[in-house]
Amino acid sequence: MMRRLDALNAIYPRLQESIVVTIMGAVAAELQSIGHQPNFFYLQHAMGLASSMGLGIALSRPSKRVIVLDGDGSVLMNLGGLTTLARYQPKNLVHVVFDNESLLSVGGFPTATSTGSDLAAIAHASGIQHACTVTEVEALVVAVNDAIARRELATIVAKVEAVGPAAFVTDLGLLENRFEFQRWLRQH
Amino acid sequence: MPVSTSSSRVIYDALKASGIRLVSALPETWLVHLIRMAEEDPEMLLIRLAKEEEGVGISAGAHLAGVKSAMLMQNHGFLASINAIVSCAQLYRIPLLMLISYRGEFGERDPWQTEGGSVTEDLLRALRIPFAYLDSPAHVASRILKAQTLAGSANKPVALLLCRDLMWEEPA
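Just so you know, the protein sequences line up as chains D and S, in that order.
Numbering-wise (our numbering), the first sequence opens with residue 1 and increments by one.
Numbering-wise (our numbering), the second sequence opens with residue 1 and increments by one.
Some clues are possibly wrong.
What the hints assert, rightly or not - Here are the simulated DSS-like cross-link-like pairs (lysine-lysine), alpha carbons at most 30 Å apart as the crow flies: (1) D:Lys91 to S:Lys51; (2) S:Lys51 to D:Lys64; (3) S:Lys16 to D:Lys64; (4) D:Lys64 to S:Lys156; (5) S:Lys51 to S:Lys146; (6) D:Lys91 to S:Lys16.
As the list claims (entries may be wrong) - Okay, the calculated beta carbon distance ranges per label pair: (7) S:Ala132 to D:Glu17: 29 to 35 Å; (8) S:Val86 to D:Glu138: 51 to 57 Å; (9) D:Val142 to S:Ser6: 17 to 23 Å; (10) D:Ala139 to S:Arg125: 40 to 46 Å; (11) D:Gly116 to S:Glu39: 36 to 42 Å; (12) D:Arg3 to S:Leu145: 47 to 53 Å.
As the list claims (entries may be wrong) - What the simulated footprint calls covered on chain S by chain D, stretch by stretch (three residues with Cβ under 8 Å from a Cβ of chain D suffice, anywhere in the stretch; the number is not a length): (13) 54 to 66; (14) 132 to 141.
No lab work stands behind these hints, which were simulated from the structure alone.
The beta-carbon is built from N, C-alpha and C at its ideal position, and this holds for glycine as well.
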């Protein structure tokens, strides 16, 4: 088992050179604590739709690599989205799911992955051929690098500890992030 | 199937003329020709959804990435998308063009469509989503263009209700 903050630090160089879409809460706050960049977008609500946004960006800009940083609670809210990702197989999309088996930001109640639901297996059965689960930081780095080098859609489920930052609200305004991100995409 | 091919063509051509290059859709009877036209058009990216709210996320991503998109859905799909519309498209000021087939209005024969029809307009108003009716081929092109213009200038979702008089040709 790894800590998500360590995992984010380890893959940060790959995030810096990609378009990144994250879910709300701990993932957004932790990535910002490492270092915000204009090519990072944090979907601070609409649980489940980070992967759909990533798909929209990946299909619109096939020459750019997109990394979606998702969570177990969010993926469980949009399992159908995995079948849509699989259907369109964007070669430039890497889907990382941090699975802490809980809804950490709203009291830490356990999700269905705590009782055996296997998100990598669901992704694979949805038609995402390159779906795997990793439990150590080193294995995550290898899996992300492999997915980038392979240039095929991948879902990487990273099992992480259910720990997060003390606060989720950061100094970055939602609309500030949104317009900065759009401007960056227009210029690159 | 008496879904109007000619009206569907007028709608599709207007979407193309207004620069739409990505359409997300979940099939529904009145949308069959529109979906087929998108499917057969090499310049159009058709995204088939499992559930309509995915389309809000896909359109948001496409917009930020510089591609104009539209969503094709039934009014029940709109009902299923409300959280995404509020907490993605409205929260993040995303122009979202929604073409919603307005089932359950006067003339509806399917009993299962009737509840959705009676709440559609009230929900659009409650969400402060500007909307207009597409009920005659004569104004389709101008209303689609104007809806898209407002969506872009206001940075928010807008809806066009595809009405029975436009979409359905009653058998003689």
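Checked hints:
| no. | hint | verdict |
| --- | --- | --- |
| 1 | D:Lys91 to S:Lys51 | holds (23 Å) |
| 2 | S:Lys51 to D:Lys64 | holds (26 Å) |
| 3 | S:Lys16 to D:Lys64 | holds (25 Å) |
| 4 | D:Lys64 to S:Lys156 | holds (26 Å) |
| 5 | S:Lys51 to S:Lys146 | holds (27 Å) |
| 6 | D:Lys91 to S:Lys16 | holds (26 Å) |
| 7 | S:Ala132 to D:Glu17: 29 to 35 Å | violated (44 Å) |
| 8 | S:Val86 to D:Glu138: 51 to 57 Å | violated (41 Å) |
| 9 | D:Val142 to S:Ser6: 17 to 23 Å | violated (57 Å) |
| 10 | D:Ala139 to S:Arg125: 40 to 46 Å | violated (52 Å) |
| 11 | D:Gly116 to S:Glu39: 36 to 42 Å | holds (39 Å) |
| 12 | D:Arg3 to S:Leu145: 47 to 53 Å | holds (52 Å) |
| 13 | 54 to 66 | holds (count 13) |
| 14 | 132 to 141 | violated (count 0) |
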